[in-house]
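Student: Build the complex: two chains, separate frames, hints provided.
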Amino acid sequence: MNVRAKAQPEPLVSARGIVNRFGQQVVHDRIDLDILPGEIIGIAGGSGAGKSMLLKTLTGLHRPDAGEVLLDGKSVLSLGAAEKAALIGVLFQQGALFSSLSVAQNITLPMREHTKLPAKEQEQLAMMKLALAGLPAATGNKFPSALSGGMVKRAAFARALALDPRILFLDEPTSDLDPISASGIDALIKQLNGSLGVTVVIVTHDLTTLFSICGRIAVLVDRKLTIGTVDQLMKSDHPWIHEFFHGPRALGAMQARKKNHGN
Amino acid sequence: MTDLSANEQELPANSSRPKLVVSGAGDHLALAGALEIATLADARNSLKSWSKRGPSRSLDVAELDQLDTPGALFLCALRALGVELTGVRAGHQSLLDLICGLDLKPLPKAESAPRWRHFVIQLGKGCHDARHDLVEIITFVGRTASGTISALIHPDCLRPAAISRHIAETGIQALPIIGVMAVMIAIVIGYQGVAQLHPYGGEDLTINLVAVSVLREMGVLITAILVAGRSGSAFTAEIGVMQTREEIDALKVMGIAPMQVLVVPRLIALVITLPLLALFADVMGLIGGGAISLLLLDVSPTQYLTRLPHVASGGDLFVGLFKAPIFAFFIAVIGCMHGLRVSGSAESVGRETTQAVVKSIFVVLALDALFSVLFERLGI
Chain A
6 MNVRAKAQPE PLVSARGIVN RFGQQVVHDR IDLDILPGEI IGIAGGSGAG
56 KSMLLKTLTG LHRPDAGEVL LDGKSVLSLG AAEKAALIGV LFQQGALFSS
106 LSVAQNITLP MREHTKLPAK EQEQLAMMKL ALAGLPAATG NKFPSALSGG
156 MVKRAAFARA LALDPRILFL DEPTSDLDPI SASGIDALIK QLNGSLGVTV
206 VIVTHDLTTL FSICGRIAVL VDRKLTIGTV DQLMKSDHPW IHEFFHGPRA
256 LGAMQARKKN HGN
Chain B
96 MTDLSANEQE LPANSSRPKL VVSGAGDHLA LAGALEIATL ADARNSLKSW
146 SKRGPSRSLD VAELDQLDTP GALFLCALRA LGVELTGVRA GHQSLLDLIC
196 GLDLKPLPKA ESAPRWRHFV IQLGKGCHDA RHDLVEIITF VGRTASGTIS
246 ALIHPDCLRP AAISRHIAET GIQALPIIGV MAVMIAIVIG YQGVAQLHPY
296 GGEDLTINLV AVSVLREMGV LITAILVAGR SGSAFTAEIG VMQTREEIDA
346 LKVMGIAPMQ VLVVPRLIAL VITLPLLALF ADVMGLIGGG AISLLLLDVS
396 PTQYLTRLPH VASGGDLFVG LFKAPIFAFF IAVIGCMHGL RVSGSAESVG
446 RETTQAVVKS IFVVLALDAL FSVLFERLGI
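First to last, the protein sequences are chains A and B. Sequential numbering of the first sequence, starting at 6, is according to the working numbering. Sequential numbering of the second sequence, starting at 96, is according to the working numbering.
It is possible that some hints are incorrect.
The list that follows gives simulated cross-link-like pairs (lysine to aspartate or glutamate, EDC-like), each with its CA atoms no further than 20 Å apart [what the hints assert, rightly or not]:
#1 A:K61 to A:E88
#2 B:K200 to A:E128
#3 A:K125 to B:D198
#4 B:K114 to A:E128
#5 B:K204 to A:D37
#6 B:K454 to B:D393
#7 A:K125 to B:D137
#8 B:K114 to B:D137
#9 A:K147 to B:D155
#10 B:K454 to B:D224
#11 A:K125 to B:D155
#12 A:K263 to A:D227
#13 B:K204 to A:E128
#14 B:K143 to A:E126
#15 A:K89 to A:E118
#16 B:K143 to B:D155
#17 B:K454 to B:E231
#18 A:K121 to B:D137
#19 A:K89 to A:E73
#20 B:K143 to B:D122
#21 A:K147 to B:E206
#22 A:K195 to B:D192
#23 A:K195 to A:D183
#24 B:K200 to A:E118
#25 A:K147 to A:E128
Note that these hints are calculated values from the structure, not bench results.
If we strip away everything but chain B, and leave its shape as in the complex, we get (with noise of 0.2 Å):
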């Protein structure tokens, strides 16, 4: 501002805000008022060029009824370029003296890439982290297979308790959301297929559609994401917990190893309820298969029953439930490792159970695809 010649400026200002004033002219100025955060734009604005005019000015502070650290490192900054501050009051001084006093640093810059290196760098870290995920995956796979075998060759081992606890939780609590949403698929299923196969008349045909699919893959495959959903999750979250709280280092210092009180339990538990839950789901989706029947087929119930045998197999049963107990083991297994594998900080237990979550849906699907491909060149 060159045209400071004015004798006395005030700066724009609502009257409840903070002022500052700033008189004086040529190399002599005076400032009086507030020098605080609220007023340092204003400062910044008006003593900018200034500040820049050479040596031999001065700043008369000694009006200045508030000051604070940002007001103090202006001040100090203007002291550096050479400005000569008078009047500087007993109780500023000290903070003068503190401001002044800081080493100050600039924010060291984040070293920062370009952006087609950070796809690359993106790129190679995801797969250093799949291997680094797929060896720790396995290597826990068999240590629980070991745990588990071992606990079962010595049952005193077992712990009955904990085992019928989960039960409890991944299975009985689990029942109404199964039961809800098998009928609702079985419903999904058997609406496409009427409106599918009506043009060839083959609408009939829509009760074999729905009892296979729901018996072969939809029972079961509903059943375990909503179990890798509910309880894998709960499982990463449960230990996750314990393990920010060292509540499984205090176990391990005891003697007691996380994964036969921990991990086998779950696991037992789970391999035990899935394949129940899923044969619930599967009767759901007949009930809800029939309602279909009956809605839109004008099936009767004991129709719909007698004609149930004809088109599905204890074969397509036994596809079904086959699965379970392998989804449900590895359901058990991700969500415990994940858990263990939680560091210390609460967010780092969110992050596991997100991560548990997805791998499980991910490894169930992959398994199914699998096991679809199997079953068909078996000719089951």
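Excised from the complex, chain A in its bound form (with noise of 0.2 Å):
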């Protein structure tokens, strides 16, 4: 190992500044955020503090009043869309499978858009990102309205990935699944962070994920980002980060973690 190889590698997202307004109401107040290739990191924070709104940001969806955001040290805004294609995957909160597609051509669609692959092949593909996501063969010919919440994440997944990005935003990947969903749905994050490298950001405030599968937390809190590991901010005096790791239901949350980490 020579001493770059240990350096801190180059971020694969980096926002600048971010600032965003509704009105007179400021939302996100000069946001800075740098993410590792490789890592998972968790955007946590209260219902309305502009969680979904920061992720917008994020995947250039939305235009931020000032800052800017790079992906791959390119400005997310001028990114093609091809070259923003292979390097992002979004899983939406309601999934937002194409309705009047079946599951296999929602995977394949980004396919047929982007590469030259023959039909058979893209097929192919799409069977084996149904069975990455942990979806059974017959799944491929549904359509999205026959599909159960949990199946509908997954399947989303399976889009998201579609194109082998190397970024993955999740938003709320959990919410509205059964606990044991919620836990598959982890455990998937997880074994497509180590086996393809792909790296992750999760929007959520299921406590659960962020301290089983999140190597470091972003809490959206008064229009700033407070970022740091699960321990850090465990120690944090700030009332909402506090009451936030350390309320009732953190408590459960905190014991799966240290089942899943072996102490």
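Tutor: Set out below in structure tokens:
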């Protein structure tokens, strides 16, 4: 190992001085965020704190009032369509599967748009993504309306992975799911991060997800981000963050973390 | 590719794109560069025939920098054919383990029937649905009628606030568009009348034509079609959205009948407004007829007004307005029925709304044809 390899790697996502406003109300006040390749980072915050807005800014769906977002060193707003599709995948809160297409067609759509692979091969890849997301092959022919909540999330996962993006943005991946499905999704995120090396950004207020799989957590509170590991944030004396990490729900989630990390 | 004897072969790719380099010869090849979704086709082309050449071959992947899941799937397929992968990097090993360990099955073929059978199946389904629809409409008409009658018997159950809101939405707000449409229809009939009757020197009869057709048919028909498109669809969409958000279930749980709070007020409101709108359309249509008479026939407005009672009778007006509440009843019933039929998803709101509009316009025209024959036989 030489010294360079040990040095801090270049951030894959870099947000600089992000400001977002709704009319007079400031949602984000000069936010800075660096996300390193290969990490799982959670973005937490109260309801209405602007988590989803931050996600939309990071993915280039929303143009911030000030500041810029760099993905792999390039401004997200200037990325070409194919380049962006190869770089990021987004799992939307409701799945956002196209209702007029079957699950397999949903997954092959970005491939059809951005690669020249023959249809047969695209289908084969789609089946692999389905299996990766933990869905049986028969799901491929189903339409989104025929899927349960957990299956919708998994199918949306498979679609987000369609072009093997380097960064996955997940908006509330475990909301509306029963605890078993939610734990399944957590395990899936962890596995994909480990094997594919994909960088994962999770917007959630599911404490179990935050505690058990996120290396770092960025808490959005008072229009600013407080970033740290769970242990660092546990020691924070900001009242909201303290309440967040020491509330009754946090205790149960902490135990899950201990179990997961083997003490 | 049999002539892989060339020691190193660089595959066509422009400089910015990831490259895959295949090197070596015979049974032992090496890959270098990127094996990704973008270079997958290249890899497949260059290794196609090589991969099928019997056992004891090896592929060195130590120089592979980039490997993604499609690439890993490709390597797994080679491995399954008996190719030994050598020099796998630690980072790639876990990816290969994951992908090779997946239980992959092809997409099951959707069952498909031959085209001629498809037609028969569609026909059968259509008939089945039509019969189902008919039963449902009749049931719903019955339930609505009984609900309305019981509401009229016990006026406490009537919801005047809701009724007046629906009267405003379906009636007052529709006035401008219905007025404009009625005038335009009168102008169309008037123009055609003059053009067709002129050769026989009977263009004066255009006034009869416009007055009678507007009063008996056009006024009420235009109004009903417009209201079906405007208010019938709104009923379906409003109730349908409530259905998707479980608001209907919330009503039921509270012991409030959706029929009483959602259907009956809309029905009563529409039965009140549609005849009034039709009367308004009649008046506007006659004004349009007057304008045409003035422009094309040089009949002054006073002359036009004095001639009107001679060419059209109160019977014509009655025949037209008599149909209005019946049309209103069916438009409201069909609109509400489709609204309550919405099932959870948002796209079913769109589908039911389309169906409601098509069905109510069809019912309006079918009833109108029936009435025409009926009144003719009765001599009204």
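Student: Hint by hint, say whether it matches the structure.
Tutor: Hints and how they fare:
A threshold of 20 Å between alpha carbons decides the hint, and for K61 (chain A) with E88 (chain A) the separation of about 18 Å falls inside it, so the pair holds. Between K200 (chain B) and E128 (chain A) the alpha-carbon distance is near 11 Å, which keeps this suggested pair within the 20 Å criterion. Taking the CA atoms of K125 (chain A) and D198 (chain B), the gap is about 18 Å. The hint holds against a cut of 20 Å. At most 20 Å may separate the alpha-carbon atoms for a hinted pair to count; K114 (chain B) and E128 (chain A) exceed this at roughly 24 Å.
For the suggested pair K204 (chain B) and D37 (chain A), the alpha carbons sit about 50 Å apart, so the restraint of at most 20 Å is broken. Note on K454 (chain B) and D393 (chain B): the hinted pairing is violated, with a Cα-Cα distance of about 43 Å set against a maximum of 20 Å. In summary, the hint linking K125 (chain A) to D137 (chain B) is supported, as the alpha carbons are separated by about 16 Å, within the 20 Å threshold. Pair hint K114 (chain B) plus D137 (chain B) holds up; C-alpha atoms about 9 Å apart against a cutoff of 20 Å.
Between K147 (chain A) and D155 (chain B), the direct Cα distance comes to roughly 40 Å. Violation of the 20 Å bound is thereby established for this hinted pair. This hinted pair checks out: K454 (chain B) and D224 (chain B) have alpha carbons roughly 13 Å apart, not beyond 20 Å. In summary, the hint linking K125 (chain A) to D155 (chain B) is not supported, as the alpha carbons are separated by about 27 Å, beyond the 20 Å threshold. In summary, the hint linking K263 (chain A) to D227 (chain A) is not supported, as the alpha carbons are separated by about 30 Å, beyond the 20 Å threshold.
Our distance criterion of 20 Å between C-alpha atoms is met by K204 (chain B) and E128 (chain A), whose separation comes to about 12 Å. Between K143 (chain B) and E126 (chain A) the CA atoms are separated by roughly 14 Å; this keeps the pair inside 20 Å, and the hint holds. A C-alpha spacing of about 13 Å is found between K89 (chain A) and E118 (chain A), which places the hinted pair at or below 20 Å, so the restraint holds. Restraint check: the Cα-Cα separation between K143 (chain B) and D155 (chain B) comes to about 16 Å, which is no more than 20 Å; the hinted pair holds.
For the proposed pair K454 (chain B) and E231 (chain B), the alpha carbon gap of about 13 Å is at most 20 Å, so the pair holds. Proximity of K121 (chain A) to D137 (chain B) is assessed by CA-CA distance (about 11 Å); at most 20 Å being required, the pair is judged to hold. Our distance criterion of 20 Å between C-alpha atoms is met by K89 (chain A) and E73 (chain A), whose separation comes to about 16 Å. As the CA atoms of K143 (chain B) and D122 (chain B) are separated by approximately 13 Å, the hinted pair is consistent with the 20 Å bound.
Distance hint between K147 (chain A) and E206 (chain B) is fulfilled; the C-alpha atoms sit about 13 Å from each other, no more than 20 Å. In summary, the hint linking K195 (chain A) to D192 (chain B) is supported, as the alpha carbons are separated by about 15 Å, within the 20 Å threshold. Distance check on the hinted pair: K195 (chain A) and D183 (chain A) sit about 18 Å apart at the alpha-carbon level, within 20 Å; holds. Simply put, K200 (chain B) and E118 (chain A) have alpha-carbon atoms about 24 Å apart, too far for the 20 Å limit, and the pair is violated.
Of the supplied pair hints, the one linking K147 (chain A) and E128 (chain A) holds, its CA atoms being roughly 14 Å apart against a limit of 20 Å.
The structure does not agree with the numbered hints 4, 5, 6, 9, 11, 12 and 24 stated previously, though it agrees with the rest.
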